[in-house]
Every structure is written in structure tokens, then in C-alpha cells.
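Trainee: Protein sequence lines correspond, in order, to chains R and G. Per my numbering, the first sequence starts with residue 1, numbered consecutively. Per my numbering, the second sequence starts with residue 1001, numbered consecutively.
Do not rely on the hints blindly, as some may be mistaken.
To be verified - So these bits of chain R aren't anywhere near chain G, every CB distance computed over 10 Å:
(1) 16
(2) 94
(3) 97
(4) 109
(5) 177
(6) 189
(7) 223
(8) 231
(9) 236
(10) 243
(11) 249
Stated by the list, open to error - A partial selection of chain R residues facing chain G, derived with a Cβ cut-off under 8 Å:
(12) 105
(13) 110
(14) 134
(15) 166
(16) 207
(17) 257
These are computed hints drawn from the structure, not numbers from a lab. Ideal placement from N, C-alpha and C gives every residue a C-beta, glycine not left out.
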Amino acid sequence: MTTIKQAAPRRVLRRPAGYYVGRVLLYAVLLCGAAIFIAPLLWMVSSSVKPGYQVYAMPPEWIPERFVWDGYIEPWTTFTMGTFYANTLFLVITNTVLTLASSALVAFAFARMRFRGRDFLFILVLSTLMLPPQVTLIPTYWFFARLGWVNTMNPLFVPALFGAPFNIFLLRQYFMTIPLEMDDAARIDGCGWFAIFWRIILPLSAPALGVVAIFSATFWWLEFFQPLIYLNTAEKFPLSLGLALINTRNFNNVQATFAMTTIAILPVIVLFFVAQKLYIQGLVVSGVKG
Amino acid sequence: MASESSTRTTTSAGARRPARMTQRQREELMAYLFISPWIIGFLVFTVGAMIFSLGLSFFSTDLLSSTTFVGPNNFVALAQDPLFHQALRVTTLYTLVTVPISTIIALAISLMLNQGVIFQGLFRVIYYLPALVTGVAVTILWSWVLNPEMGLLNGFLRELGVPRAALPRWFLSEQWAVPSLILMSVWAAGSNMLLYLAGLQSIPTHLYEAARIDGANPWQQFWNVTLPMLSPTIFFNLVLNIIGSYQVFTQAYLLTNGGPNNATLTMVLYLFRKSFQQFQFGYASAIAWVLFAIILVFTLMVVRSSDAWVYYEGNRR
Chain R
1 MTTIKQAAPR
11 RVLRRPAGYY
21 VGRVLLYAVL
31 LCGAAIFIAP
41 LLWMVSSSVK
51 PGYQVYAMPP
61 EWIPERFVWD
71 GYIEPWTTFT
81 MGTFYANTLF
91 LVITNTVLTL
101 ASSALVAFAF
111 ARMRFRGRDF
121 LFILVLSTLM
131 LPPQVTLIPT
141 YWFFARLGWV
151 NTMNPLFVPA
161 LFGAPFNIFL
171 LRQYFMTIPL
181 EMDDAARIDG
191 CGWFAIFWRI
201 ILPLSAPALG
211 VVAIFSATFW
221 WLEFFQPLIY
231 LNTAEKFPLS
241 LGLALINTRN
251 FNNVQATFAM
261 TTIAILPVIV
271 LFFVAQKLYI
281 QGLVVSGVKG
Chain G
1001 MASESSTRTT
1011 TSAGARRPAR
1021 MTQRQREELM
1031 AYLFISPWII
1041 GFLVFTVGAM
1051 IFSLGLSFFS
1061 TDLLSSTTFV
1071 GPNNFVALAQ
1081 DPLFHQALRV
1091 TTLYTLVTVP
1101 ISTIIALAIS
1111 LMLNQGVIFQ
1121 GLFRVIYYLP
1131 ALVTGVAVTI
1141 LWSWVLNPEM
1151 GLLNGFLREL
1161 GVPRAALPRW
1171 FLSEQWAVPS
1181 LILMSVWAAG
1191 SNMLLYLAGL
1201 QSIPTHLYEA
1211 ARIDGANPWQ
1221 QFWNVTLPML
1231 SPTIFFNLVL
1241 NIIGSYQVFT
1251 QAYLLTNGGP
1261 NNATLTMVLY
1271 LFRKSFQQFQ
1281 FGYASAIAWV
1291 LFAIILVFTL
1301 MVVRSSDAWV
1311 YYEGNRR
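Whole structure, please, built from the sequences with the hints as guidance.
Mentor: What follows is the structure, given as C-alpha cells:
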């Protein structure tokens, strides 16, 4: 995998005055852009602890006059925040674990085993990437409804059992980079195919598995559409539906809305900081080498 | 059948060939076993569901009590449905504006960050952070940022001296509702920026050295080295962004629920209304297939055009 390298240091040559003008301009534009990009987030965080009257102040005020933490406390009693979080955690964990297991197994076969129709089937995997999920949405809903699974968590994680095309693709690309001699050596030592998968390939593929896990977890952390369709009672709601509920029911208490949104996105941001390298590698594998 | 022959132990040289065959067969059998989760999912949730969905689009049904065959009537009705036309217009406008703007912004930021700036890591994080705020969170945040009375954006516009009467009413006005959605999406351009940055940093420096020796100025280096080398990444992202952008739903549903006066009625939102709110599943399936067709045509157009502008190094086989 390509890792991000620092840009090559420029050779120190004669630098015309224009160079310094260019540099100043460059930093000015970058700083202005950064300020614009970060402003909404800073405003949200600062508003979540401002006293009410200050939230609505015009022009906007950035520093809270005093810190009011009600927004972070109140929703836990007026809304079932704990349940929302528990439901979301359930969805994140089941989906991540299941998609890792199923996608890795499928990707392993595509990357390292020989079988008739392999290349054709892999093209099928890739072509399903293009299929908008709306095309299969209604039959899938009908199917799960017939099983009596509406307003249960089942339709939201059972599909992860069947592997996700994107994850299969990403893992296959990584598995292909491991020398095939590894498999041969393991086979001579008496390993079966599953043992090769489990003992050789998986341990060597931690970065790729990490990328899939991160993508899956961030996707399911605030996934909205599928829970919206399948769930209809608040005690089943994940955080995404819970936040929407708070936003509509709680219109007078904007601090609470901001506070809950802030702590909802915090885990994703922390995850990004912790696993920034993996994140970027994953993006590179999926996008640059696509 | 494979297991039967594989149990036979072979010692003589003459019997070796069938034994090797069986090992091959066993590999094949195991491989099919390993990909069986995907095959089952593909048959049930892709092929089966697609056939079902295509069939549904020729029926009028609520999937419970009444089902009547209506032939191509759903598609005929769609062609005459003013709301569907509106959805088509809104989604296409949104895509045609959002995708190029976020591509250009992402490209510009990544090019600037690639000039060996100090604190590159910090800038990268700042520009990428909004992309981490997805779906519900971004919509809630922007419903306040764009609030016409006390929102951050109008606050700034007022600071800049825009008269009160001229301030946009954003998602509360028909005129500014789609631009509101576009602003929200462009804010998340950071995810593309990361990709382009990674792409830029994988361009071998010797290409630039060669260009400099040939006397190319920075502008010529950009057009003749950077852009061609980055074009596969740009191309891939363009395709993904178009596909994703045609499926926009959450923002339109939560921010305006398609309003005001259907100004933000996107195709998936219309599909959602028809199916899960009005239970016209046949009609909704027809919408899904038209959406699919549009995405396919759009994607093929970009893929076709790629020969003209995408440069694949060492790919001339």
C-alpha cells in the first residue's frame, strides 16, 4: 500500500521575490479556507455550552460568557439517549464483525484460490458496486417483512453475513499482495485452505482488515436510511434516528441539540485521529488504485 | 464426487494424475464454499431482488392486499408526472453543481497542501473533519448554520454588509433550498481532498525533475505532469461522486422534507414517499429503475469520455 510521504523537500536555489509573494498568498488562502471549513464545527461546539440568549446573538459570538452544561445532561433524562447509544453500538459491532468475516472469506477465495468462473464472478462482484441500493430496496423490504422482521434489528445486520462488494474488493486487492509462496509453505506443513486463510493470510492483513472495520463502523455509526425504513418505535432507534427525533421535538433547546450532535460525532473524530494512517491508506487503496 | 476419489491414496506414478486432479477439484470445491456467502447474497438480494423489482414496476400494488398488472402504465405515468419531473430536475441540478464544485475545491486544496507547506498534517485534518460529520449530524448542524434569522452564515453575511432584506432565506425559500443542499455537500469535499493528496504524493518526483530540465514552468508542470498523473484518481472519484450524488436523500429529507413547494424533492426522496409513505410499491419500483438507468447512462458517459483525458501509465497493452 502506498503511504503518504511528506512532499519532497524543494531544492534551495535562487529564489525570486515572486516566490515569497506566492508563499504568503498560499498560506493566506489555506488559512482562510481552513477557517471556513472549521467554523461550523467550532460554532456548534461553542453553542452547545453557551447560555441560551447567546446562541441566538447576532453577530455570532464564539466564546461562551459562561459555561452551561445543561445540553449535555438534560437529553439523557428527557430522551432515552442510553438506549440510542446501545442500539447504535449493537449495529456497529454486529455489522463490522459480520462483514469482516464474510467479506474476508470471499475475498480470500477470489485472491488466492483457483476455480472455474473466478474472473467472471469477480466482475459480477465489481458490477454490483454500481447498482444503486434503491433498485433492490423494495423487494428486500418485502422479504424481511414476510419474515416478520420489521421493527427488529435483523434486517439491519443480517445482510452483512453475505459480504459487501466493496469490502470484498478492498480485501482481495490486499490479499493479492501477499506472496503465494506463503500458501505453498503452509500447505507443505499440512495446512488446509481454511487454516491458510485463518493462520497465514488474516494475520498478515491487519491493515486492510482495519480499514474495512473503520469504514464499516463509521458508516453504521450514523446510518440513517435503513433504520428509518425498518424501525418504528423509539426504543429500537439508533443514534441517527434519535438525533433526528431530538432535533424535531426539542426545537426550543438548541444547546441540547448541539450538545447531542457534538457527542454523537466525537467517536468518529476520535477514531479518525487514532487510525488516521489506516484511514488514508484505505482511501488510497479504494480510490487511487481503484 | 470429489471426496470419493480423493480418499484413494495413490503411490504409483501412473495414478498420480488423477490425484493431482482431485487436489485441484478440492481447491475448487473449497473456493465455492468460501464464496458461497456472497453467491447466496447475490442470488437473493441482488439478482432475485432485481427481477422482483423489475416485475413490480409493471404492477400496481401495496404488497399486501391488492395487486393488479398494469403493464408499462407506471412508466407512462412517470413520464407525465410533474412531481417526478421536478425530482429529476432537482437531483440533476444538485449533481451537476455539487460534483464539479467539490472536485475543484478538493483539487485546489490538495494542490496547495502539496506545496510543502508547514503544518500540512494539521491543515489536512481541518479540511477533512467536515467529511467525518455525516448524514444526520451534518444536516442538524447546517439546519442551524443556515437558519435565516440566527444562523452562522447569515450572521456573517450581515457582518459583510449584506442588507437584511437581501439575506437569503436558504432552505425556507424555493430559490435557495437547492443551493443550501449544495453548500452542505461541498463542505464535505475533504474526503476527495485526502484522495487527491494521496494521489499527488504518489507522483514520482523524477517526472518533475525531467520537466524542469526541459524548462517547464510550474504552470506547464501542472498541465503536463500533475494533471495527467492524477487523472485516473479524478476519473474514479467523478464516477463515484455522480453515483452517490444522484442518491441524495438524508439531507433533503431532514432539512426540508422536499419542501418548500417541492424545491428539494430528490429522486430517492420521491421514491421513499411513494413506497414507504403512500404504499405505491409498483410505482416506486418504476422510479428506482429510472434512477438506475440515469446513473448507468451518466456513468457510461463519463467512462466513455475517459479515453480522451485519463492517462493510465504503462497500461497500453
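Trainee: For which of the previously enumerated hints does the structure constitute a violation, in increasing order of number?
Mentor: 4, 7, 10, 15, 16
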